[in-house]
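Undergrad: Spelled out, the chains give:
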Amino acid sequence: MQLRILRALYERINEDLARSHEVAFERVGFVSAKLGNRHSGEPVVLFANHYPVADQNYIDDPSAGARINSDAIREAMQVVLDTGMGLFHVHCHAHRGRPGFSSMDLDETPDVVSSLRVANPNEAHGMLLLSNDECIAHVWMPGSNEPVFDNRITIVGYPLRITM
Amino acid sequence: MFEERFNRQSFLGADWQQRIENAIVGLVGLGGGGSHIAQQLAHVGFLNYRIWDGDVAEDSNLNRLIGANENDVENEAPKTEIARRLINGLRRNANIAAYNCKWQDDPEPLRGCDMIFGSVDGFAQRRELEACARRYLIPLIDIGMDVHSIGDEPPRMGGQVILSMPGGPCMSCLGFLNERVLAQEGERYGDAGPRPQVVWPNGILASSAVGIAVDLLTDWTRSLRDVIYLEYDGNKGTLKPHGRLQYLERRSCIHYTVEQIGDPSAMTVVDSATVQ
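Line order of the protein sequences matches chains A and B. FYI, in my numbering the residues of the first sequence are 28 to 191. FYI, in my numbering the residues of the second sequence are 3 to 278.
Hints in this document: simulated from the structure, not taken from any laboratory. Note that CB positions come from ideal geometry on N, CA and C, so glycine has one too. Check each hint, because a few of them may be wrong.
[Claimed, not checked] Computed footprint of chain A on chain B; a stretch qualifies when at least three of its residues, placed anywhere within it, have a C-beta under 8 Å from a C-beta of chain A:
{"hint": "1", "stretch": "21 to 34"}
{"hint": "2", "stretch": "113 to 127"}
{"hint": "3", "stretch": "133 to 145"}
{"hint": "4", "stretch": "158 to 171"}
[Claimed, not checked] The following residues of chain A were derived to be distant from chain B, with all beta-carbon distances above 10 Å:
{"hint": "5", "residue": "31"}
{"hint": "6", "residue": "48"}
{"hint": "7", "residue": "86"}
{"hint": "8", "residue": "140"}
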């Protein structure tokens with residue numbers, strides 16, 4: 028599975044996620060994406076726009092880096108409905124090199140993705156994790172309840188970075 | 003650990019080989035320009051190729067088609083097979099998917115490439131290829147050359163290398179593609195006669211394109227950060243940033259928007275006369 032994100036968008040998201048928050052230790056957000064080349068054996072997820080979670084939609088929970096409320100999920104679902112695109116939950120682990128989802132990410136984020144899939148079952152949705160220079164993703168394709176883990180993500184720009 | 007053959011290019015960085023070997027390159031057009039590019043990519047160490055060209059070798063190609071020989075002309079060898087032989091001769095383990103057709107007849111594999119080299123004829127072909135690359139967020143490196151004669155003056159040889167980076171200025175933003183040149187080309191359609199093509203400018207342009215690709219992947223210069231539009235003057239033997247770049251008002255594109263990414267879709271057009 029291939030995914031592509033423009034470097035300008037990647038950097039904008041990273042910059043936004045690095046902002047401090049009053050109660051959360053880290054920020055999260057959503058990125059819209061369109062599934063391309065969908066009728067081939069080689070579909071491509073193309074990331075489009077970033078949607079930060081509003082400050083008031085974080086819950087004060089010291090047990091998690093960031094926890095968001097139902098308004099944040101509802102607003103994300105509305106983005107899916109308004110744009111007709113898929114949506115990826117995104118956050119950042121601020122280090123260089125290939126990042127890895129935490130056990131909490133893997134336990135909790137798929138529930139958020141389920142809600143997004145209800146809003147538009149015909150697009151790919153998922154979870155995206157950035158580091159300072161790479162990213163990984165789990166992708167739920169239309170019609171499949173199991174995510175695709177084996178992804179190849181390209182940050183498109185100067186320089187071109189391919190994470191496999 | 004580098005293979006011994008790559009010892010001389012270790013300056014490209016600690017992980018250059020992985021970056022280059024992981025990349026999937028698409029080559030559209032395997033004539034005078036594309037054949038040079040195929041050969042050089044193989045020398046550099048690229049491993050994954052998807053190549054398109056619907057033509058076979060002709061005698062008139064032998065003045066510039068790298069890797070072709072007189073047997074290929076006699077056997078009407080497809081240019082894709084000549085390129086495959088050329089690449090495999092340098093990289094036996096290369097993965098080469100060859101499409102002996104126009105890319106538009108089998109476009110899906112192109113959408114899976116990490117970067118595309120365009121060595122196509124004409125402005126309309128370039129616009130089509132760039133539109134595809136932009137839809138799927140793929141960098142396109144376009145090269146081309148031409149020779150013009152004006153009156154009694156010596157022929158003028160020119161050319162270009164353009165890196166069309168998604169999100170950045172496209173070939174229309176750069177003024178290379180515009181309605182005037184497309185219309186002029188349309189008027190000449192079917193009436194062009196043989197276009198002047200020779201081996202040496204193609205070599206210069208192809209080498210520059212390969213250099214840009216290597217820098218894009220390895221970031222060895224750590225300076226490739228801006229729009230690339232190189233202008234070749236074959237009479238002076240110079241290749242330099244195009245003069246238009248200094249007047250470029252924005253570093254973003256106004257022609258290809260984020261709403262246009264993904265597969266083209268058909269729309270139902272409602273005939274207003276039938277609407278009650």
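Undergrad: Hint compliance check: list the failing hint numbers for this structure, sorted ascending.
TA: Violated: hint 5 alone.
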